[in-house]
Amino acid sequence: MQKSKFLPRGRKDRTMVLVDIRETKSAKAADIFLQVKPGKDFELLTILRAMIKDQPVNQAMVAETGVSLQALQDLVNRMKSCKFGCMFFGMGLSMTRGKHMNSAALLTLAAEMNAYTKFVAMPMRGHGNVTGADVVMRSQTGYPFGITFNRGYPRYNPGEFSTVDVLVRGDTDAAFIIGADPGATMPQPAINHLACIPTIVLDPHVTHTSKLARVHITTAPAGIAAPGTAYRMDEIPMPLKPALKSPYPTDEEVVRRIREAIEKKPFWMPDDSEQMTLAQV
Amino acid sequence: MLRITGGKVYDPANGINGKIRDLFIQDGRFVPAGAGGRTIDATGMIIFPGGVDVHTHVAGGAINFARAMMPEDHRRAQAFIRSKSRRSGLGGMAPTTFATGYLYAGLGFTTVNEAAVPVLSARHTHEELSDIPIVDKCSLVLMANNEIMLDLLEAGEYERAKNVMAWYLWAAKSYGVKAVNPGGVAAWKWGKDAKQLSDSIEGYSKLTPGNIVTALARMCDELKLPHPLHLHCNNLGAPGNISTTLDTLQHLEGHRAHIAHSQYHAYGGDDWDTMQSSTTELADYFNTHRNLTTDAGAILFGDTVTITADGPWQHLLYKLTGRKWGNLDIENETGCGIVPYTYRPSNLVNAVQWAAGLELLLLIEDPWQVFLSTDHPNGGCFWRYPEIIELLMCADHRKECLKQLPDNIKGRVKLPEIDREYTLYDVATAMSAGPARALGLKTKGNLGAGCDADVVIYEEDDSVIRMFSHPRYVIKAGEVVIEDGDIRETPEGREFLIKPGYDPSTEEFIQPLFEDCYTMSFDNYPVELERIKRPDIQQCGAAE
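So the sequence lines, in the order shown, correspond to chains A and B. With the working numbering, you'll find the first sequence wraps up at 281, consecutive numbering, no jumps. With the working numbering, you'll find the second sequence wraps up at 544, consecutive numbering, no jumps.
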């Protein structure tokens, strides 16, 4: 691990605490492993928030989390005395009982820790360039995902406009999928709907989704045979420099050519939309 | 060829104050005369050079984080519906990229300066800038808390530091240097701050904010950057910070500098209860020191979101308001904090801030020294600029607005005693000619032959706010982009970059430091020139 001016011994100068419901391979890399009972993340985080402010906590409630009071007190002491604390969290919090409430509790804990020392929290995003997609959607539409343009401007409502919800409801009559394999991960009703509509997939590989698609356009794999940009989880963009040549076009080229072809067709929106004025400013 | 005839021209760069003049445009620039092509009859209309925003936050990781934090604001924001010529987007506190271009152009602004870019994420900032249509852009790179830079200054290696700064400027494909809370943001990595110019900085033994301010200003001058050091002073927002600000200005003696959003740095008093405006002292300093320019950073009452590299201040604001807080530490380069905020006329502190911003615009005598800004979105959104223009042009309107402030504002602000009203000539200077000159953009804010044909044409109107909110025509590089309230064309703007000379050995010096300091490899770090869509590169300062 990186050595630096203030952490000259690298990994030895850092303490890593892992919290999980089972002892995963990451536990071996950690200095301390705390095993929380499934579905008790919110309780554990809330108890930590209380303990950090020296508030009394209920022994029985602590016991329910599966982590001992002693271990928690040790953790609190370490957190308060560290120079710079960072919490990473992922789908174990955001996709289990409590969902966004768990993430909110963790983020609040990180914010409140700044009364004692420097503390930050950062979500661990999915593989590939999930962060990049999120960043671009935000800059162009204001929202990270779960966006609909069906009124001509971006609107956001996860749970309603997220891909899975739109598919399960059968609210879409075509699908265009780039760099994702929903056919492998989404619930069966969503997959069934993808199979009945014209689904177009851009992917370097044959995937579950490409098999059920009407059209699969093979593209050059980004970062290997196609240039571009990928965002790290901390939203720092990295240039992708291809090592190989591919006979296939890049995703970007395919999308550009489709757009150029569509632009030759008559504009589909009524002219009234041109009347949208700046008068509302 | 495009001709604009019969309009009343306000062109402060050429001393033209409301004279009827015809303008001729060929190939995106003004020409002395010509014939043929379209003619716009501007009889009875008012003609300004296109607006130039010297200090705004419209692109980059910070504003994009703010967008993510504020979905509830997007829901009530102005929606831009997709049309043949226009992409969809949202206005509001942190407008989306496409909408930002439409909104700025809709106000007659044709050049904007993104005032805070970390080098590490500059690649992303340029992605967003290239998405902003119509307007020309430039950006400033954050330097005052960069670990390599501070280490060099601590070691007294001034010349090398200067070369490193030049290297960073080109690596970021930037236009100038921004300093935010020098030393204070570096200290924020430790949860600390550096408020006074003589304070020590956590992690350093000799270095002080004062040393950093002076060194950076000198470097910008010696590198002959078109825009001088752009400085966000230490101790922002705190009651009594006028002493820090004046101390900072004294550290800039003998150098050029632009002081960002000075409203936030002009407070007297000892605490929130005794806070008052100290704009007279600050304005007096500007009035006697022509080496300095500033933008007001005026506030307007209402909701907004605050975004600054000043991490420790944003933590304080989070504690004061109890609202959402986003914190971004940019490795060894800078920090950033985001907190939504509502300025209320009933709040004494906000009332003082509101008055202070206007006071600076009115008390600094030379309109070439103080420019229109809200430090968008910190003091209010840029699309509310016409509200400020109205307050500057109409003393009676100001008096009306003062009535809604708390009674105990009396004696804390100077605004009630100020009768000055901006003329159209003053407005054209503060929103266009002045900021263009301060930025060193010679072809902007100027209607003279050879300059960029960026023009805004207003229908003369008794209502100042209506006139400035709805230009009749906006012309960008000779192209009519706004006409009768509609967006007609959405051309891509240019990006201004500077390429300062530096000692060729600088790279050999920096490269090994990357192994220790950065999580990105040296080769991946500089933004590739090919990523800038329409670069306009200016060389400056010869290599040693």
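Think of the hints as simulated: they come from the structure by calculation, not from any bench. Hints are not guaranteed to be accurate.
[As the list claims (entries may be wrong)] If the Cβ cut is set under 8 Å, some of the chain B residues that face chain A in the computed set are:
| hint | residue |
| --- | --- |
| 1 | H124 |
| 2 | W325 |
| 3 | D329 |
| 4 | D462 |
Backbone N, C-alpha and C define an ideal beta-carbon position, used for all residues, glycine too.
Hint numbers the structure violates, sorted upward? 4
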